[in-house]
Amino acid sequence: MRPRRFLPGGPLKGRIRVPGDKSISHRSIMLGALAVGETRVTGLLEGEDVLATAAAMRAMGASVERMDSGEWIVNGVGVGALLQPEGALDMGNSGTSTRLLMGLVSSHPINATFVGDASLSKRPMGRVIDPLSSMGASFDVSDGGRLPLIVRGASPAVPIAYRLPVASAQVKSAILLAGLNTPGITRVIEPVPTRDHSERMLRGFGAELTVETDEDGARVISIRGEAELRPQTIEVPGDPSSAAFFIVAALLVPGSEVLIENVGLNPTRAGIVQVLRQMGGSIEEISPREVGGEPVADLLVRHSMLQAIDIDPAVVPSMVDEFPALFVAAALAEGVTTTTGLEELRVKESDRISVMATALSAAGAKVRETEDGLVVTGTGGEPLPGTSGPVATHLDHRIAMSMAIAGLASRSGVEVDDTRPIATSFPPFEAMLEGLSA
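Under our numbering, the sequence shown has 209 at position 209, and the numbering climbs by one with no breaks.
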C-alpha cells in the first residue's frame, strides 16, 4: 500500500499534455500486430494496462518495441497467423486487454490462458464469452465467468449477427476483432452508440467495415473476415479520461486556469466535456483539428461556479469512465445532481457507485446511493471538509485519482489508501498535479 494525503494548495496554473488515449493505444498495438509490416506509434500511453497488451502480442508472435525516441515499432504477423503463447497471458488490471484479446484469440487456431490481478479476477467476462461461443470458440472459466480462464479458438470461426444487450464498446470490439479472421461477414447491432475507436482504426488499417442504421435506429457494424491489414503510422491523441481529472480540478479550485493540450474529442468519448459545460464549466476548445482520423483540440479550462443538473442517461456510454470525477464536481456544485443508468459502473475495477458514495461521504459530501446511480447535493462551491482517515480505493485507479482531486477542493485534504493503481492508466498523474499546484 502507498497511501497519500492530497491537500489544497491554491490555484492550478499552467499547461499540461496528458498521456495518450488508452483505448487507441491498446488498439494500435493489437492491430499493428495483425498487420503485415511495420506500424509506428507515437504518443502511446505507457501505463501498465497497455504494456500488458504489448506483452500479450509479443507472446503471440509479434515484435513490439519501444525506441529511445519514445516511438513504438510493431512488426505484425498477419491476420490468422497468431502463434500459440507458451505461457499464460497476464492482463494485470486491464479489462480492455482481456476482453479484446479474448476476441482476437477466439478465431485463431490457438489456446490462451488469461490471468489477472485480484481486482481483474473479480470482473465478469460472461458478456464477451456468450457471443464468442456462438462464433465457435470454447472456454474453460472460473466461477462466475471470471479469470483465470482458457480460450480455445475456433478454426474456422462462424460469422454471427449479434445485438448488444448492454452498451459496451469492449464487447463490440471483441466481436469485431474475432470477425477479422472469420470467413464471411460478422455483424454487431448496437442500439446505443458506444466509443467507435475500433471502427475508425479497423478501417484505417484496411479492414472492409461498414456502419449503417437499421429501421429501429440502431447502428449495424459489419466486418468482412479473412482481412489483410496494412501497417500504419499512428499519432495517439491525449486521453480524455485522463484529461477529465484536470478539467474537474481546474473548474473546482478558485483562481485556476489550465491549458490541456492535444485532447482527443471523439464525440463517442467526450461526454464529460459536454456535461461539465451544461453545469456551467468554462471549457474552451483551442485549435480544433483532426489527427489520425480523430478530432483533437487543446482545452482551456477556468475555475467556474458549477450548477447541478439531472444527467441524461443517454450520455453514459460517452463518459462511462469519467463518472467518478464527475461525482466530485457534483459534490461542489450548487444544487442536487442526479445520475441514473449507471449499472455498468458496478462491474468496473470496483463498484464505482458504492465506492465513490462511501469515499465522498467520508470527505464530507452529501451523497445518496441508488440502484443505478448517485444523487449528490453540492456545497455551492464551498470546499469539502476532508477526511479524517484514508478512503478505500479498492485497487481502482479512477477512484484514487478522483479522490485526489477532491482533496484539492477540500479544507483539510483527502487521504487515499493506495496510489499504486494510478500507474495502470496514468503513471505521471501525481507529478503533473504537483507541477500545476506549484
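If you are wondering where the hints come from, they were derived from the structure by calculation, not from laboratory data. Hints should not be assumed to be uniformly reliable.
Said to hold, decoys possible - Straight line, CA to CA, 25 Å or less: simulated SDA-like cross-link-like pairs of lysine to any residue:
#1 K13 with S361
#2 K366 with V192
#3 K122 with I309
#4 K348 with G381
#5 K13 with K366
#6 K348 with P193
#7 K13 with M1
#8 K122 with I73
#9 K366 with G341
#10 K366 with I309
#11 K348 with N266
#12 K122 with D351
#13 K348 with R420
#14 K348 with L300
#15 K348 with E334
#16 K366 with E344
#17 K13 with K348
#18 K122 with S142
#19 K122 with S412
#20 K122 with P156
#21 K122 with S69
#22 K348 with S361
#23 K13 with E382
#24 K122 with L164
#25 K366 with L300
#26 K13 with D351
#27 K13 with V347
#28 K348 with T213
#29 K13 with T340
#30 K348 with R123
#31 K366 with P427
#32 K13 with T379
#33 K348 with G184
#34 K122 with G144
#35 K122 with M1
#36 K348 with E430
#37 K348 with V115
#38 K348 with I73
#39 K122 with G87
Each hint tested on the structure:
1. K13 with S361: violated (29 Å)
2. K366 with V192: violated (32 Å)
3. K122 with I309: Violated: K122 and I309 sit about 33 Å apart, past 25 Å.
4. K348 with G381: violated (29 Å)
5. K13 with K366: Violated - the C-alpha atoms of K366 and K13 are around 29 Å apart, more than 25 Å.
6. K348 with P193: holds (19 Å)
7. K13 with M1: violated (30 Å)
8. K122 with I73: It is violated: about 33 Å lies between the C-alpha atoms, which goes past 25 Å.
9. K366 with G341: holds (20 Å)
10. K366 with I309: holds (16 Å)
11. K348 with N266: Given pair K348, N266 holds - Cα atoms ~22 Å apart, limit 25 Å.
12. K122 with D351: holds (11 Å)
13. K348 with R420: holds (17 Å)
14. K348 with L300: With Cα atoms ~30 Å apart, K348 and L300 exceed 25 Å; violated.
15. K348 with E334: violated (29 Å)
16. K366 with E344: With Cα atoms ~23 Å apart, K366 and E344 stay inside 25 Å; holds.
17. K13 with K348: Roughly 32 Å between the alpha carbons, so the hint for K13 and K348 is violated.
18. K122 with S142: With a Cα-Cα distance of about 10 Å, the restraint between K122 and S142 holds, given a limit of 25 Å.
19. K122 with S412: violated (34 Å)
20. K122 with P156: Given pair K122, P156 is violated - Cα atoms ~31 Å apart, limit 25 Å.
21. K122 with S69: violated (38 Å)
22. K348 with S361: holds (20 Å)
23. K13 with E382: holds (20 Å)
24. K122 with L164: It holds: about 22 Å lies between the C-alpha atoms, which stays within 25 Å.
25. K366 with L300: With a Cα-Cα distance of about 30 Å, the restraint between K366 and L300 is violated, given a limit of 25 Å.
26. K13 with D351: violated (33 Å)
27. K13 with V347: Violated: K13 and V347 sit about 36 Å apart, past 25 Å.
28. K348 with T213: Measuring from Cα to Cα gives roughly 29 Å; hence the hint is violated.
29. K13 with T340: Judged against 25 Å, a Cα distance of about 34 Å means the pair is violated.
30. K348 with R123: Answer holds: K348 to R123 is near 7 Å, not above 25 Å.
31. K366 with P427: violated (31 Å)
32. K13 with T379: Measuring from Cα to Cα gives roughly 24 Å; hence the hint holds.
33. K348 with G184: Status violated; Cα separation ~33 Å.
34. K122 with G144: holds (9 Å)
35. K122 with M1: OK: K122 and M1 at ~20 Å, within 25 Å.
36. K348 with E430: Holds, at about 23 Å.
37. K348 with V115: Given pair K348, V115 holds - Cα atoms ~17 Å apart, limit 25 Å.
38. K348 with I73: It is violated: about 31 Å lies between the C-alpha atoms, which goes past 25 Å.
39. K122 with G87: Holds, at roughly 22 Å.
In the structure shown, a violation is registered for the earlier hints numbered 1, 2, 3, 4, 5, 7, 8, 14, 15, 17, 19, 20, 21, 25, 26, 27, 28, 29, 31, 33, 38, in ascending order.
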